[in-house]
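Chains as they are written, first to last, in our numbering: chain F, 1 to 151; chain U, 1001 to 1115; chain C, 2001 to 2507.
It is possible that part of the hints are untrue.
[Said to hold, decoys possible] No more than 25 Å apart at the CA atoms, straight line, and that leaves these computed lysine to any residue pairs for SDA-like: (1) Lys2356/C x Lys2327/C; (2) Lys115/F x Thr1067/U; (3) Lys2156/C x Gly2357/C; (4) Lys1102/U x Arg2363/C; (5) Lys2359/C x Trp2371/C; (6) Lys85/F x Val1088/U; (7) Lys2058/C x Met2031/C; (8) Lys115/F x Pro2375/C; (9) Lys59/F x Thr1067/U; (10) Lys59/F x Thr1022/U; (11) Lys59/F x Asn1030/U; (12) Lys2327/C x Leu2408/C; (13) Lys59/F x Val1027/U; (14) Lys115/F x Asn1030/U; (15) Lys115/F x Leu2408/C; (16) Lys85/F x Val101/F; (17) Lys85/F x Lys2058/C; (18) Lys2058/C x Asn2039/C; (19) Lys59/F x Trp2371/C; (20) Lys2451/C x Ser2440/C; (21) Lys85/F x Phe67/F; (22) Lys2479/C x Val2382/C; (23) Lys2156/C x Leu2135/C; (24) Lys2156/C x Val101/F.
Hint data in this document are derived by calculation from the structure and do not stem from the laboratory.
Here's the letter readout for the chains.
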Amino acid sequence: MLGDFMPILVLVCLAALICGVMVVGSYVLGPKKVTPYKSSPYECGVMPLGTATERFPIKFYLVAILFVLFDIEVVFLWSWLTIFKDAPTDFQVFSGVDVAVYLGLWIVGYLYIIKIGALDWDEATSLAPEKLEASATVAVPAQASNQEALA
Amino acid sequence: MVNDVPLSWFLGLGMIMFCIGTIGVVVRRNPVVVFMCIELMLNAVNLTFLVFARYGIAPGQTLEQATNTAMGGQMAVIFVMAVAAAEVAVGLGIIMAIFRLKNEADVDDMSVLRG
Amino acid sequence: MNYVLPTVEWPTVMPVLIVVVTGILAVFIEMLWPKRNNNVIVGLGLVGLGLAGSSVLKQFGAPDGVTFGDMVVRDQVGLVMQLLLVGICFVAFLFSEGYLREKQIPFAEFYPLALWATAGGMLMVTTTNTLELFLGLEVLSIALYCLAGMSRQESKSEESALKYFLLGAFASAVFLMGIAYLFGATGSLDLNAITSVWPATTPMHHTLILFGVGMTLAGLGFKAALVPFHQWTPDVYQGAPTNVTGFMAAASKVAAFGALLRVLMAAAPLQEFWFPAMFWICILTMTVGNLAAVVQKDVKRILGYSSIANAGYILVAVLSHVKSPDKVGLGSTFYYLLAYSMMTLGAFAVVSLSAKGGKEGTRLQDIHGLWSRAPFAVVCLVVFVASLIGIPPSAGFVGKLFIFNDALAAGLTPLAIVLAVNSVISVYYYLGILQAAFVSEEGAVRNQSAKPGIGLNIAVLVCAFGVFWASFNATWVQKTATGTSVSQAQTVSTTTSPDRMGPSNPE
């Protein structure tokens, strides 16, 4: 049992040893001259601009959210399909109707997402702007939120 | 082979994950991280469900009951995952809405409501 | 491997189905004609809720039973709670449209989400399956998280949504850990397995079951806002839009107590372990809720703390029943939940009048002069406050009296005394609300408040009427709710139309 994995263990140890020797060796033996220019990030001839902790445009989150929702749907289908094949017909019909209802509900959700424009990549048109404009006290106009997201 | 590991170890691991999640919820500031800690707690629950389904320690069960138990535990995990996904969606939606409003999200800055 | 098709008894699940399908239809309407007048959606919702209510009423008196592979239970607890939830949603719909318009929240999704939250609550109260319980809880909670953050331009609304969400998800995880351990120790996802397995188990199983019950109660205690788990309540109640707060305060409390009741009843054989804890939680809930409310300056916060205190009162009734089920029935629990729902919903409906032109102030001075602007609503507010204080003849008084007697009958005299003392404390802050509503606004900046719409007037009228009606027909309500005189209840409910069931017959 353990013997089967012995070569892998040896390989791992060997790799760790070689890498360790290289890294430690160059650290110990190599000359060290620290200059401010050298210790700044991205030594490729360009002065670093802005901060490193840049924010993602917020619209990625919306797509990620929707992905997570539709992604998880499959897990129920999988558990259903594992028993579907060998089941008697009446069970297949019964559970088939159930799953059809289940998928139907997802389709309703999908239609809703399309309809309110949640999948529109252009931020200015998403999130039903006509609805946002419909209210008199829009604290965050579409343009401002766009800049905010990109800031 | 799996059954070589005693049940209590799995339960202990689940409990440790759950406690780490709890501590994270209490001490972390960023709502996204707090939320990740809650997910960790849910995963601890999933592990616990699966282990109980696998080991079947309930007293006086027939074989059929034990099979049903195993199935019940495994289905519970799937439902927990689905609910966790729905919570992620709503939670990120709320956090997004706060970003749009304030351009930042920090639990400590959420202090309009007090009294 | 044998494949067993579950028996399906449609009438039992019909109420939930109707509510869910109504929500889906409402979404379709919103999709087809976006941002139009919401009156169509409101009308559809009211019709759907009416149908659901009548299909619940039809089952009154039907024998108890289970269907859908033991997933759905039909019993008196489930029926009464379902009816309450449907009624709460109905009243909330009545006054929501005017409020949403005044507050300028272009969010017609309120209606489907509220319907689905109701459906989640209805699932919670009609099952003994822990997984189903959890799913219902989540459907209710997730919809409420969205609703709390409905007012997207207001940072306090978003803040309350985030707080509610983070703490709610945390409580769900705790609750889940509880049911995982119950599942492990009993080998079943059904709550009743605790009762049957408890005598036969070893000390190890006992530990697991106790741990599971403890965690489950903690999770549900969060939803019901019992005291060690109550911190979110005032913040969320204050920040959420007022119509959502009213709905949340009533519906989530009814659903949480339905579930709590089932868990406590299933765990009755081991009550020597959890009863002292619940006893102290109950005392703390009543006391802390009332004492904290005294120093508040915001109407919604006051009502939030008052809802915590009321949760304590209901818990007294529940504990009395669990302690001695043969002497004390569930009548007072049902009765007080009904009274609480009407008082709270009505009070929040009146408070929602302080929204005007997209702004809303809910501090005490913001409702100054309400009397001169909306006299009818303020008269109803007087009724609700009188009922919350417990002045006869009001449902709040009768309910508290019932609970007091229950506690004495079950031998829980300390709880009865704490209940009485707390009722006296509560007079102070409830009167503060009334006083603020009657103070004239001379010298102060002219406060803004909306003209009460017809929906709001109907809503507060229904609630205020219901408060009186329930107090005069208290015995009948209790008997009908507990199903002790089934035949009589059936005949009466078809001839007269009791308050909350009144709108249930939309011809």
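Cross-check of the supplied hints:
A C-alpha spacing of about 51 Å is found between Lys2356/C and Lys2327/C, which places the hinted pair above 25 Å, so the restraint is violated. A C-alpha spacing of about 45 Å is found between Lys115/F and Thr1067/U, which places the hinted pair above 25 Å, so the restraint is violated. Taking the CA atoms of Lys2156/C and Gly2357/C, the gap is near 17 Å; set against the 25 Å cutoff, the hint holds. With a C-alpha separation of about 24 Å, the suggested pairing of Lys1102/U with Arg2363/C holds against the 25 Å cut-off.
Between Lys2359/C and Trp2371/C the alpha-carbon distance is near 20 Å, which keeps this suggested pair within the 25 Å criterion. Straight-line distance between C-alpha atoms of Lys85/F and Val1088/U comes to about 33 Å, which puts the hinted pair past the 25 Å bound. Note on Lys2058/C and Met2031/C: the hinted pairing is violated, with a Cα-Cα distance of about 33 Å set against a maximum of 25 Å. In summary, the hint linking Lys115/F to Pro2375/C is not supported, as the alpha carbons are separated by about 43 Å, beyond the 25 Å threshold.
Distance check on the hinted pair: Lys59/F and Thr1067/U sit about 45 Å apart at the alpha-carbon level, beyond 25 Å; violated. Between Lys59/F and Thr1022/U, the direct Cα distance comes to roughly 30 Å. Violation of the 25 Å bound is thereby established for this hinted pair. Restraint check for Lys59/F and Asn1030/U: the C-alpha separation of about 19 Å stays at or below 25 Å, so the hint holds. Distance hint between Lys2327/C and Leu2408/C is fulfilled; the C-alpha atoms sit about 11 Å from each other, no more than 25 Å.
Under the criterion of a C-alpha separation no larger than 25 Å, the hint pairing Lys59/F with Val1027/U is inconsistent with the structure, at around 29 Å. Our distance criterion of 25 Å between C-alpha atoms is broken by Lys115/F and Asn1030/U, whose separation comes to about 32 Å. Restraint check: the Cα-Cα separation between Lys115/F and Leu2408/C comes to about 59 Å, which exceeds 25 Å; the hinted pair is violated. Of the pairs offered as hints, the one joining Lys85/F and Val101/F holds, with about 19 Å between alpha carbons and a cut-off of 25 Å not exceeded.
In summary, the hint linking Lys85/F to Lys2058/C is not supported, as the alpha carbons are separated by about 40 Å, beyond the 25 Å threshold. Between Lys2058/C and Asn2039/C, the direct Cα distance comes to roughly 28 Å. Violation of the 25 Å bound is thereby established for this hinted pair. A hinted pair counts as satisfied when its Cα atoms are at most 25 Å apart, and Lys59/F with Trp2371/C does not qualify at roughly 47 Å. Proposed proximity of Lys2451/C and Ser2440/C is supported: the alpha carbons are some 17 Å apart, at most 25 Å.
Restraint check for Lys85/F and Phe67/F: not satisfied, since their Cα atoms lie roughly 29 Å apart, outside the 25 Å limit. This hinted pair does not check out: Lys2479/C and Val2382/C have alpha carbons roughly 28 Å apart, beyond 25 Å. Taking the CA atoms of Lys2156/C and Leu2135/C, the gap is near 28 Å; set against the 25 Å cutoff, the hint is violated. Annotation: proposed proximity of Lys2156/C to Val101/F is violated, straight-line Cα distance about 38 Å (limit 25 Å).
When each numbered hint is compared with the structure, violations occur for hints 1, 2, 6, 7, 8, 9, 10, 13, 14, 15, 17, 18, 19, 21, 22, 23, 24.
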